[in-house]
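K.L.:
Here is what each chain is made of, one letter per residue.
Protein chains: 2
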Amino acid sequence: MNIIEPRTLPGFMELLPNEQVLFNQMKEKIQKTYEKFGFLPIDTPVIEMSEVLLAKAGGETEKQVYSFNKGDSNLTLRFDLTVPLAKYVAAKYNELSFPFRRYQIGKVYRGERAQRGRFREFYQCDIDVIGDGELNIINDAEIPAIMNETFKELGLENYTIHINNRKLLNGLFEYNNIMEKSADVMRTIDKIEKIGIETVIEILEDFGIEKNSINNIMEFINIKGTNDEKIEQLENLNIDNELFRSGLNELKDVIKYIRLFNVEEKCFEIDLSIARGLDYYTGTVYETILNDYKEIGSICSGGRYNNLAGFYTDKKLPGVGMSIGLTRLFFILNDIGLIKTDKKSISQVLIVSMVDDLKYAINTANTLRANNINTEIYFDNKKIKAKFKYADKLKIPYVIVIGEDEINNGVLTLKNMETGEQDSVSLEQVVEKVK
Amino acid sequence: MNIIEPRTLPGFMELLPNEQVLFNQMKEKIQKTYEKFGFLPIDTPVIEMSEVLLAKAGGETEKQVYSFNKGDSNLTLRFDLTVPLAKYVAAKYNELSFPFRRYQIGKVYRGERAQRGRFREFYQCDIDVIGDGELNIINDAEIPAIMNETFKELGLENYTIHINNRKLLNGLFEYNNIMEKSADVMRTIDKIEKIGIETVIEILEDFGIEKNSINNIMEFINIKGTNDEKIEQLENLNIDNELFRSGLNELKDVIKYIRLFNVEEKCFEIDLSIARGLDYYTGTVYETILNDYKEIGSICSGGRYNNLAGFYTDKKLPGVGMSIGLTRLFFILNDIGLIKTDKKSISQVLIVSMVDDLKYAINTANTLRANNINTEIYFDNKKIKAKFKYADKLKIPYVIVIGEDEINNGVLTLKNMETGEQDSVSLEQVVEKVK
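Quick note, the sequences are listed as chains A and B, same order. Residues in the first sequence are numbered from 80 upward in steps of one, following my numbering. Residues in the second sequence are numbered from 80 upward in steps of one, following my numbering.
Calculated directly from the structure, the hints in this document are not laboratory data. This structure is a prediction, so every number in the text was calculated from the model and none was measured. Hints are supplied without guarantee of correctness; some may be wrong.
Computed from the model, here is a short list of chain A residues facing chain B with C-beta under 10 Å [unchecked claim]: (1) P85; (2) F91; (3) G117; (4) N148; (5) G150; (6) R199; (7) I216; (8) Y254; (9) L316; (10) N341; (11) T392.
Even for Gly, the Cβ is constructed at its ideal location relative to N, Cα and C.
Kindly generate the complete structure, drawing on both the sequences and the hints.
P.N.:
Put into structure tokens, the structure is as follows:
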């Protein structure tokens, strides 16, 4: 037969079973945390009509998507979970209860140039709260509380959730009458660490921005200190602008409530430098940094938006949400050795029989499974050494050996694969030990 | 703004959140059961190179698949989880431990004509055991035991797993020297209920099959009775053919071991009429019928195959497995009202505050979540009636009401939404009651 090389496309993660066990545990922990906060699952199709999915998308998105014709239809694979959410909420508006708290965990597709750590197929784990017309600011504080809980569940430490409110910078620009130059100003400010304060001021002057305004901007970006100190300095700027005032009040509320949600002070910080998707987010924005691995960039981001589904409905649907790019996060954490898990295998017990009659082995397995212990029996006729090697490779923590002696005495030999300890025990004792 | 109608492609299931909760519970129960038997998860890409994915496929498959070009590559969406498994095992042969017990639960794509109950995107939930060169027959008994356990977990009753062995019929044909006519004979036999025994015999005579052989075939298809009676009658056919003998021995082993796995006698039955994928399965085959809904056809099928990955490797990899088409199964069970679930909502508790200061509400939520109780707070400033309506629509079983009185007395008002019962209780009592 003509043999075809069994290869997987570049940019597509395909893990070995032991790694997949770890990946799935992370996914399940994220899901459990989302559910702990009462978010509802949805599961939208991977394929959508291009006309629907790309309603909003610009040229960059269209270049990256997987689109194709099938019959008379032009179809596209989803490139995020936000556009499908917008479609979903607009289509099912009358059947949903608001605020609509939904999570979705699923694969999305982007035809980016493949490179190490970049994936064309990857899991996103999203939560969003969608309001009908309005949405309470406390939601903006609950989202980072959920991020925090999720990271803790994943065993991460030394991370900081950076929080900003886009209305602050926009209000500052509006107040200084430089809204039309905001993109240029932002780009210049972003370079401050590279080019220095003086050069930034020079460039801003070149843009024709007044001295007063430049001072105002520099005061703003120089704000430092604790969260409370930053809020105090923002107050002291005395910027008499409605947008700025509103942003500051929202930020104060978010900080107040995030504390009530028991998020430790060291785990969040006001960061006036983060902007995120200028065209999309309208209020609170978040990024999350692993402090020992800042070069990785944000591992979980999100924010507040005025209107989720303007392309699909006249209803005003404000929302706030966040997304974890799980495939990339798994890849990174695996790389730097930060994956912490409770279990490393699916099976908790491997049963190995030294006798041909497997009745005793199967009975044992039946009982263990009835006690919710994941159990497998090694059926193949191999040497005992091969069977132990199998348990070892699969990281199964316990092996039960059943031979003539065990059957005659009504006991089991239980070996703890980690300690090497071996005991002659009853079936009830196995259940107890393994659980 | 130009509004685009937010529609979903026909043939793609997109559930409301309450239905999705039920769907996900079914999916999780299937996964848990697969894991209880020690199967390892894998997660292969949805997109594969067409050359790889369609290595084996015939014209029918190619017509139904979603294929497209991206850059220089011709790509195809997976249409099942078996071909990706074959690719996976062949590619990672050296890194896997055999027997390789894997499960995969994921979406597959078939561009079939959309019609009620037929889906173009649907979940398959597969388990397979792959041997390296050989694979013990006990695996063929464990697979239906896992089916059985899965159906029980899903709350199904009155189902029968039909079991056959393809070697029996092939051995019968070989013994009668009519192998080259086997397809014609099979097709004729299949019509026996419609056209009657006499006509079948006439047609077989027309095929030039000898009287002895026709008698032999008719004896075979007339076998009836209990499982043990069927085996006895198969023995009594006295067919002196190696293939037949081997099939009968395998079937006897499967029946012997399926009983050891505690599968009730009424839940499985030898059914010599099922054939399944003539070109693929080589030994044991399974189909599962809901006895009150036979018209639905098999809801879970599978079998034994000689060689999984002949298109990708020279290694001989025999396997046995089964697949549940979850999307269709959910659709059917929902239709006939057979979905049984433990919980109907994600949140177990909704907290409703009558006071503006949400400190008390948030503290309560923090404690409940720390006790692994899924909890949400209704943040929006709505009338109490609207908040209860929300709980009702989402089928949240408990609502906690917090007002001035509750705060002053350090208690909570807990309402059981099903019974209407309302109590003044402590936080600890809430934890106890809800758990």
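K.L.:
Now tell me if each hint is right for this structure.
P.N.:
These are the hints, each one checked on the structure:
no., hint, in the structure
1, P85, "holds (4 Å)"
2, F91, "holds (4 Å)"
3, G117, "holds (3 Å)"
4, N148, "holds (8 Å)"
5, G150, "holds (8 Å)"
6, R199, "holds (8 Å)"
7, I216, "holds (9 Å)"
8, Y254, "violated (29 Å)"
9, L316, "violated (29 Å)"
10, N341, "holds (5 Å)"
11, T392, "holds (7 Å)"
Comparing the model with each earlier hint shows violations of hints 8 and 9; every other hint is respected.
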